[in-house]
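Peer 1: Throw the hints in and build the complete structure from the sequences for me.
Numbering (our numbering), first residue to last: 12 to 278.
Since the hints were derived computationally from the structure, they do not count as laboratory data. Every residue, glycine too, gets a C-beta built ideally from N, C-alpha and C. Be aware that a few hints might be false.
Distance windows between CB atoms, simulated [unchecked claim]: (1) 36 <-> 263: 22 to 30 Å; (2) 140 <-> 270: 34 to 42 Å; (3) 249 <-> 211: 39 to 47 Å; (4) 232 <-> 121: 22 to 30 Å.
Straight-line distance between alpha carbons at most 20 Å, and here's what the computed EDC-like set of lysine to aspartate or glutamate pairs gives [as the list claims (entries may be wrong)]: (5) 169 <-> 135; (6) 262 <-> 55; (7) 169 <-> 125.
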Amino acid sequence: MLSRLRWLAGAMVALFLAGCGESGSTITVTGSSTIAPLMAELAERYETETGVQVDVQSGGSGRGIADVRQGLADLGMVSRALKPDEQDLDGHLVGRDGIAIIVNSENPVQALSDDQVRAIYTGETLRWQDGEGKAITVVHKAEGRSTQELFLAYFQLKNDQVQPDWVIGENQQGIKAVAGDPYAIGYVSIGTAIYEAENSTPIRLLPLHGLPASLAALEQGDYPLARELNLVTRGEVSQPVADFLAFVTRKDMADVYHDYYFLPAAE
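Peer 2: What follows is the structure, given as structure tokens:
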């Protein structure tokens with residue numbers, strides 16, 4: 012998973028946009044931090060196979076949509092379904108993921124009800140236990156992130172109701188915040204969280220409605236906070252972009268999706 016390590020090392024560095032695929036030199040892909048590490052791995056394989064450079068940058072699903080609309084990117088990474096007011100864009104389903112509530116592995120809490128999560132995020136519940144319990148550190152996603160939008164929609168909250176201690180952008184920031192604080196709670200991509208937990212990062216994924224935050228629950232269609240992983244385009248795409256889209260949705264690329272704990276659409 013060398014590509015994942017290289018991606019994580021540079022994920023927080025601001026990058027200048029390269030030329031778009033229309034020029035035939037570089038395909039530019041921007042957007043969701045959930046999809047970006049996966050797409051970086053696929054881009055590396057594509058460059059090895061074809062010699063075509065693919066520049067992958069994160070920044071959130073909102074950035075992916077805005078960049079495609081403004082012609083700054085050939086493909087936007089969007090980790091949710093398109094909205095009714097985004098029908099000027101074409102969505103290309105590449106995989107499926109979900110959103111997991113995470114706590115530090117030292118936290119004895121094994122499950123929270125929807126009402127309990129809602130109370131924590133609105134500041135109604137400030138401590139893990141009544142009385143002398145430790146103060147809860149609430150980790151929340153920034154605006155423009157699809158993870159935040161889906162979290163708020165599921166728990167029937169408005170963003171101004173949330174009382175966060177930390178506001179983060181990338182999934183890795185959320186993982187780091189919860190892993191470094193025994194009293195923190197956050198929410199991130201299931202795929203990212205499973206990968207980190209299985210590689211000794213001190214976090215634990217909590218179930219929702221008694222269902223584990225797992226690929227099996229996602230595959231069965233039972234997990235309540237599931238989502239699409241899309242690449243979006245606008246209008247007619249160039250042949251290099253069409254070829255790259257075909258490559259990332261090939262059935263023989265399914266192993267890459269599994270490496271990142273996502274369900275590929277091609278299966």
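Peer 1: None of the hints should be skipped; say for each whether it holds.
Peer 2: Status of the hints after comparison with the structure:
1. 36 <-> 263: 22 to 30 Å: 26 Å, holds
2. 140 <-> 270: 34 to 42 Å: 39 Å, holds
3. 249 <-> 211: 39 to 47 Å: 43 Å, holds
4. 232 <-> 121: 22 to 30 Å: 24 Å, holds
5. 169 <-> 135: With a Cα-Cα distance of about 15 Å, the restraint between residue 169 and residue 135 holds, given a limit of 20 Å.
6. 262 <-> 55: 17 Å, holds
7. 169 <-> 125: Judged against 20 Å, a Cα distance of about 15 Å means the pair holds.
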